[in-house]
Amino acid sequence: MAAALPHGALPGDTTHRPGQHTWMHTLVRWMFISVSLTFLAAVLLAPLATVFVMALAKGVSAYLNVFSDPDTLAAIRLTLITALVVVPTNTVFGLAAAWAIAKFEFRGKSILITLIDLPLAVSPVIAGMVFVLLFGLHGWFGAWLQEHDISIVFALPGIMLATMFVTFPYVARELIPLMQQLGNDEEEAAITLGAGGWMTFFRVTLPKVRWGLVYGMILCNARAMGEFGAVSVVSGHIRGFTNTMPLHIEILYNEYNFVGAFAVASLLTLLALLTLVVKTLVERTGYRRR
Amino acid sequence: MSFSKPSVLPGFGLTFGFTTFFLSAIVLLPLAALVLAAASMHWKDFLDVVLSARALGSYKLSFGASLLAASINLVFGFILAWTLVRYEFPGRKIIDALIDMPFALPTAVSGIALTTVFAQNGWIGRYLEPLGIKVDYTWLGVTLALTLISMPFAVRAVQPALLEVQRELEDAAETLGAGRLYVFRRIILPTVLPALLTGFTLAFARAVGEYGSVIFIAGNLPMKTEITPLLIVIHLEEFDYKGAAALGVVMLAISFVMLLTINLLQAWGRRRHVRVAR
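For the record, the sequence lines run as chains A and B. Each residue of the first sequence is one higher than the last, beginning at 0 in numbering that gives the first Met the number 0. Each residue of the second sequence is one higher than the last, beginning at 0 in numbering that gives the first Met the number 0.
Read the hints as simulated data drawn from the structure, not as lab findings. Please note that a few of the clues may not be correct.
[To be verified] With the Cβ distance kept under 10 Å, some of the chain A side facing chain B (calculated, not the full set):
{"no.": "1", "residue": "LEU39"}
{"no.": "2", "residue": "ALA61"}
{"no.": "3", "residue": "LEU63"}
{"no.": "4", "residue": "LEU111"}
{"no.": "5", "residue": "HIS137"}
{"no.": "6", "residue": "ASP148"}
{"no.": "7", "residue": "ILE149"}
[Stated by the list, open to error] Computed footprint of chain B on chain A, listed as stretches where at least three residues anywhere in the stretch have a Cβ under 8 Å from a Cβ of chain B:
{"no.": "8", "region": "114 to 126"}
{"no.": "9", "region": "224 to 236"}
Only a predicted model underlies this, so the values are computations on that prediction, with no experimental measurement involved. All C-beta atoms in this analysis are idealised placements derived from N, C-alpha and C, irrespective of residue type, glycine included.
With the hints as constraints, model all of the structure from the sequences given.
The following block contains the structure:
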């Protein structure tokens, strides 16, 4: 390929790399960009645009009407409550796990890290099913729970447990490498100078890892509010009671209420866009994924 | 704790204890319950469920479509990563941020949106129909949904590896008369190969377990467009917990193999990287 040979560019000159200004290079560059954009437009941008077009297909008032339906409001409330419980719980877990793993040396550490990541590799359907096997009517504790009139499956606790399972690693896997990379010197200095453990954590460690924490929490929140498979298995789909937003979308869609389904979907899409914006802003502060 | 090294920092007992307790309660014990539920079956009943014609049909679709989706992402993931790393064009940063959209977008939303776009009267589906290509309610739709949701894994695995490629080596090779294809084959590909394979495996692992986005576009016909996770849900809805557990264990075993493969690939990539860096 003669076209790729250098055309008088000086070595080390980064703006004029060899082969930068040949027709071959321009062609390849143009091809790569157009293939990338076409692929993204077809599988990503078209579906995203569809959500809003379908939601507004019958006008703004029909769109807003969807949110006066009590079942829709109940679904939104349930999703918010679930996220409000799950995200803080998994954040506390993530902080504890990162402290134990990044600050100390112990045997079996790599096994522990692998086990924390395990829910990412498990199908969401399995994440929901394990709680049905434990707490369902025909499950291990089913009879006992029924005797004591406690419902976990087809009720709020089951939805929370399943959501907790699928979002389990999100904060921890962000904080563990970050804390490992930042090291222990400052914490050791604080302790040596007489600060207590909690004070060291809140005044030294937490400010250091705050962007990683925000990053993990928003991803955890996005997944918690959007989880479908795991929640679908444990929820029982009781309208107005155990329907989260994604499940409500399914019900409306299957009833051919497309405006309703896509209106609820548009809220979750806006949430996803917001998540990406916050994520990009956090990355701008210099915090980067591994 | 005798198995840990002494440190001046406090809180090991508390944080390690809480971590292992919470991990056991939320993840490990529930998964153990699944394995035990399947283990309590007679092995013949287990095999009847796991090797039934309907289950085999679902594996064929789940694995076939996931392999295809991961392969598509191997190609397009590389192209996307290359475009984002090597070229400057208007909107590059926005595109880069949008790559993570399938991570953030709930799967039910991707499911109904894809189905609408690729239905016979949809924006893209209407141009495919005259060509005789039907996407919704076929294996093609399943593959499409799996391609979308696993796309970020492939791109994000390859991107950092492409940044690592030493441009000086490329320049040197070209100065010595090597063509672009030769440079690609001998310098770029060897550097990014572990990342490409990691991305492929991550995409495949995610695709095999996917449920939400697929069930809307698949049509869910037994033996034809029924994925394994859906078959598990159907067993659960019929209160056949053992049957569901048996299929669940098969999928869990596959997840473990995937996890192991990913770890081995990443270790290989690190070793290679060290060698290249020297």
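(request) Hint by hint, work out which the structure violates, then give me just those numbers in ascending order. (result) Numbers 2, 3, 6, 7, in rising order.
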